[in-house]
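These are the residues of each chain, in order.
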Amino acid sequence: MLSPALSSLLPLLLLRVAAVLATELTFELPDNEKQCFHEELEEGVRFDIDFQVIAGGNYDVDCFVTDPQSNVLYNEKKKQYDSFSHTTAMQGVYKVCFSNEFSSFTYKTVYLEFRHGDEEPLMPGMTRTTALTQLESSCVSIHEVLKVVADSQTWYRLREAHDRMKAEHLLERVTYWSVGETVLLFVIGIGQVMMLRSFFSDKKGSVAATT
Amino acid sequence: MYPTPERWLTLDGERWDVTSAGCSAAASCAEVRKTKSQYTSMNERSYMMLSTPAAGLLLLSAWIFPSNALYFHIGETEKKCFIEEIPDETMVIGKYRTQLWDKQTGSFLPATPGLGMHVEIKDPDTKIILSRQYGSDGRFTFTSHTPGEHQICLHSNSTKMALFAGGKLRVHLDIQVGEHTNNYPEIAAKDKLTELQLRVRQLLDQVEQIQKEQNYQRYREERFRMTSESTNQRVLWWSIAQTLILIVTGIWQMKHLKSFFEAKKLV
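Sequence order for the protein chains is A and B.
Each residue of the first sequence is one higher than the last, beginning at 1 in the UniProt record's numbering.
Each residue of the second sequence is one higher than the last, beginning at 1 in the UniProt record's numbering.
Be careful, since some hints might not be right.
Below, in silico cross-link-like pairs of lysine-lysine (BS3-like), each with a Cα-Cα straight-line distance of 25 angstroms or less [stated by the list, open to error]:
#1 B:K122 x B:K103
#2 B:K80 x B:K168
#3 A:K166 x A:K95
#4 B:K168 x A:K95
#5 B:K80 x A:K79
#6 A:K34 x B:K80
#7 A:K34 x B:K103
#8 B:K95 x B:K212
#9 B:K168 x A:K34
Hints are computed from structural coordinates only; laboratory data are not their basis.
The task is simple: from the sequences and hints, build the whole structure.
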């Protein structure tokens with residue numbers, strides 16, 4: 001009775017079922033600035049926040065999380081990386097803020113991952129409550145394990161980026177310092193001789209005069 | 001007024017029988033089929049009217065509006081940049097929605113026409129791969145061809161400067177990378193996959209992404225190793241060079257001064 005077009009599109013009408021999985025953002029935080037991210041959440045939803053400082057200065061940042069009534073849920077100063085979990089007690093807008101206000105001249109690159117809600121089903125109708133065959137449950141467990149692998153890869157990627165930036169920074173500093181020191185060496189070496197000569201050329205006149 | 005259906009086709013549930021005489025040539029048959037969505041009986045027409053635009057709208061909404069995404073505030077000429085470190089041949093889809101602060105109502109308007117955002121995407125060699133103006137709600141997508149840090153920059157490009165009197169713009173942003181960009185219901189419909197096949201396809205996509213990430217990891221580790229070895233080399237050679245310069249300068253100074261004092265008959 002239903003046209004084929006409609007029967008394939010009908011499941012799409014039920015698409016807006018579950019919450020979004022995760023948002024990952026890597027952004028730059030200039031010095032003396034604060035950056036806030038807000039998220040509207042329902043009550044009783046569990047959310048996780050992971051952040052890491054990838055580059056900049058001492059690789060630390062201030063972070064605080066507030067709930068819709070401006071109660072502070074998490075407040076840490078000068079952290080390099082951390083993880084925070086909370087189950088919402090009320091519906092509203094939750095805020096995650098990063099502050100680089102303690103630093104006067106270095107900007108920081110911060111990675112933020114905000115996860116909330118449950119993973120949306122692959123296709124509507126594929127809810128966990130229905131009985132799964134053995135093959136399907138194997139697929140589900142493989143999927144979960146692969147998600148852990150992907151998360152672990154992200155962690156290592158960030159650590160590696162952090163170390164690589166430190167190494168590149170070190171190389172830059174070594175280069176500038178070496179060139180600078182060589183120039184200084186030449187300047188001081190020749191300058192000393194010049195100054196010494198200038199002392200004695202004055203006295204030469206006075207020595208010749210006295211004898 | 002529409003011509004009566006019988007003139008063009010008879011509808012028999014899902015089968016479209018062409019009863020008009022002039023359907024021997026392919027062209028006229030094609031035209032008949034093309035117009036079938038217009039000329040349907042009243043019952044069928046309501047279905048077609050509902051499903052095509054409604055489903056299209058829903059697909060559109062699923063694609064464009066990040067209703068449950070993180071949002072932040074930006075000022076008028078402020079540029080916000082995000083970095084995505086991704087392996088090559090990875091697709092990235094970004095969706096954003098903007099809301100303007102309305103001073104009269106003291107809240108954010110749900111949608112503001114005339115507001116635009118300029119999206120600029122740079123690849124790891126700081127070459128611009130996308131630089132486009134989008135409306136107040138937009139969706140941008142790109143595929144990386146070199147692995148590395150891509151930079152996605154957004155700044156508002158409002159045509160109505162007066163709107164920015166409040167100075168605040170709320171931007172909802174959702175960036176999906178790699179296998180998260182796949183639209184599985186669409187893939188299932190296109191390739192006609194069963195549930196199990198779809199699950200396996202998802203696992204395959206995940207594994208492919210993990211593999212790409214690992215190749216990228218290998219490339220980065222090599223870069224890191226080269227940087228460290230380069231630092232090591234530089235420290236070594238510059239230290240040796242500086243020590244030599246120090247010794248040579250010392251010897252030259254003493255020789256020069258000795259000859260200088262001898263010339264001055266002080267030694």
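Compare the structure with the hints numbered earlier in the document and write down the numbers of the violated ones, lowest to highest. 1 and 3
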